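Participant: Here is how the chains run, residue by residue.
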Amino acid sequence: MTKSIVSIRNLHKSYGKVPVLNDFSLDVYPNEVVVVIGPSGTGKSTLLRCINYLTPFDSGEIHLDGQKIDPRKTNLNHVRQQIGMVFQDFNLFNHMSAFHNVAVGLVKVKRVNRGEARSRALDELERVGMLQYKDQYPAELSGGQKQRVAIARALAMNPKIMLFDEPTSALDPELIEEVLAVMKSLAAAGMTMVVVSHEMSFAREAADRIVFMDQGAIAEMGSPSELFANPHKERTRQFLSKLGYRENERKDESDG
Amino acid sequence: MSIFDDRAAEVLQSLPYLLQGLGVTISVTLLALLLGGLIGLMGALARVYGAAPLRAAAAAYSRTIRSLPLLVILFFLYFLGSDIYEMSVFTSMVLALGIHTSAYQEGIFRAGIQSIERGQSEAAAAIGMTPFQNFFTIVLPQALRRCIPYWGNEAAIVLKDSSLAYVLGLTELMRRGQYVISRTHQAFLTYLIIGLIYLILTLVLTRGLSYMEKRVKIPG
Amino acid sequence: MKQWQRAGWIGFLVVMAALFLVGSAAGQETWVIGTSADYPPFESVDEDGEFVGFDMDLIREIGARLDREVEIQDMDFGALIAALERGRIDAVIASMSPTPERRERVDFTDAYYQSRQGILVHPDTDVEINSLEDFMQYEFAVQTGTTMDDWATNRVEEGLIEDGQIRRYGDVTVAAMDLRNRRVEAFMLDLAVAYSLAADLGLDVAVEVQIEEAGNPGILLPKGSDEELEKINAVLAELREEGFIDELIDTWLRGVYE
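Residue numbers (my numbering), protein chains in the order written: chain A, 5 to 260; chain B, 100 to 319; chain C, 32 to 289.
Isolated chain A, as found in the complex (with noise of 0.2 Å):
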């Protein structure tokens, strides 16, 4: 058996008493990409950011590469180095070119030397189709161009793992595909992804995994063949069909 990339066993997170995640257990193989989808509100991003760290957990464990991240031994700093976030919101340092955001963690957190800093930088944004972009400022940049831009900036830490944090659903819906397209791409070149999206054409086509999430545990899993095709629960059922129809519109739209 193939050893995971990240493990994560019996995740146990509530905010106050409301239970977000309950009993969560997953592993993420190499070269795997895991697409997450469920209701709003059922612990998806939660997950993603208990992963990193970023949110603190209740009880359960978190293993990184074999390792059991020990947040009171292990540098966590260390860690979130080996694991690139994607945000919903994008989150670009506002006062930083697109260059320098990229350039920053390779500085700042890798102390690569400033030459070597600049040409994986601009090797990253080329990598994501905005190197002529590089001097741009984030509020001079689209919201496609600002979360590619994100990508490039997780990717130049040189991750184990990417997680992708509903990467699409701020932008508008013509910029949505320049995104996917990188996604794509980076799935194509054996990157290990776990995405949180409910966007269909990319799952379809990237995804080895789908996880159906509901209430703060694993509903359904499968390959997305298997899960599209014939899901076994009937909520899974009806979510897919919410999801279709939507799908179906948009697509009404664009070709209209």
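It is worth saying that the hints were derived from the structure and are not from the lab.
Incorrect hints may appear among the rest.
[Stated by the list, open to error] With a straight-line Cα cutoff of 25 Å, these simulated BS3-like cross-link-like pairs (lysine-lysine) come out:
| # | chain 1 | residue 1 | chain 2 | residue 2 |
| --- | --- | --- | --- | --- |
| 1 | B | K316 | A | K112 |
| 2 | B | K316 | A | K138 |
| 3 | A | K7 | A | K164 |
| 4 | A | K138 | B | K313 |
| 5 | A | K138 | A | K114 |
| 6 | A | K138 | A | K188 |
| 7 | A | K164 | A | K188 |
Model, not experiment: these values are computed from the prediction.
Once you've looked at the hints, dock chains B and C against the given chain A.
Facilitator: Leaving out everything else, chains B and C in the frame of chain A:
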């Protein structure tokens, strides 16, 4: 009463003498701003990121200092403080004004820091920055930019407050003006000139800061 | 990012400059004399920034005879006694006369001149003042913390005047300006200062008086400095005998005490 009395010329001749007080006024102002900025920034850090006891202590400091008139702080340092360490009027005034403005600068910095969206420091944490790198590389540079106009107001107030040192005989602009007045008895003209000098100083200060604000403005 | 680095350097240099200033202010063995240099002809600052006046000449002569280097430290009149009590200055000369309240806090040397008061009025006025009794009928000015202020306060306690009649000013020039602008009807102050203001601002000295509260000014020393008091009193007696004080009166108060 006419402004241009027969002794008016004497007042105008005193202009170089008045201007010599400018050095003291400017150095008191700059040093107090710097000291107040350092204390204020630490206070703001304590109040935003500190543990509960530290937050409470910083808040109590700020409230106490704000409720004390500058003159009280100055006398306290100059007279009572001399039991611990005998300091010159200049030092007392820099400390007093620095402490006084620190409470207000703390508020300015705190508002600036809190105005930076949480996502900024989350994104910084997510690429592995330490809290220290996070604050100084991501949060503070953005916060300071937003502070500039408010800080400029405070700097103008500190400039004018620096004149209070005259009560202990620090020969800054205002005290020199009083000497000229008691010699020539031309209060109106002398105060007019001093007022103009303060006006020019304030203009230079605010213009300088708004130039700086434009220079460091984030494009877009 | 470069801008902030530059600002950091400038800040650093300013701090170093401050430390230098603080450091250089310490040390030096001198006789530190407090005064409030806004009271010509007793104490003021001339065009060159030098402390000049009757009191300044006197204290420098005393210093010379006691073989001390006199350093004048100027401050607000109201802050002088506190500074003396706290040991920030060694003595005060500021045309200040003893009162019971002041005697509780500091020691006074023998008087070095006979103080008298003058009442200033506007030249074009129907205000008629020939005595202190007349003065009490008007709305008048005094300088805060002076013996003239004490006089007025005592008369209020005796019910001879209303507190509302008194206008208290921190600065004699400001009070004189208000008199000139007719915001106040009369102003009682030290006679020599009254004549100097009258000449400069075109006011009249209506009458010369002598109030009981105005003891005669002396030099202030910290409470309990008996030995120092003796030394200075001896020098003052010497100076009086040699006619030095009369010379000072000639130089600074000529035309006033004839």
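Participant: Would the hint linking K7/A and K164/A be met if the CA-CA limit is 25 Å?
Facilitator: Since the Cα atoms of K7/A and K164/A sit roughly 13 Å apart, the hinted pair holds (cutoff 25 Å).
Participant: Are the Cα positions of K138/A and K313/B separated by 25 Å at most?
Facilitator: holds, 22 Å
Participant: Decide if the proposed pair is consistent with the structure: K138/A and K188/A, CA atoms, cutoff 25 Å inclusive.
Facilitator: Distance ~22 Å between K138/A and K188/A Cα, so the pair holds.
Participant: For the pair supplied as a hint, K316/B and K138/A, confirm whether the alpha-carbon distance does not exceed 25 Å.
Facilitator: holds, 18 Å
Participant: Are the Cα positions of K138/A and K114/A separated by 25 Å at most?
Facilitator: holds, 21 Å
Participant: Are K164/A and K188/A close enough, with their CA atoms no more than 25 Å apart?
Facilitator: This hinted pair holds, its Cα atoms lying about 17 Å apart.
Participant: Sort out whether K112/A lies within 25 Å of K316/B, counting only the CA atoms.
Facilitator: It holds: about 23 Å lies between the C-alpha atoms, which stays within 25 Å.
The structure agrees with every numbered hint stated previously.
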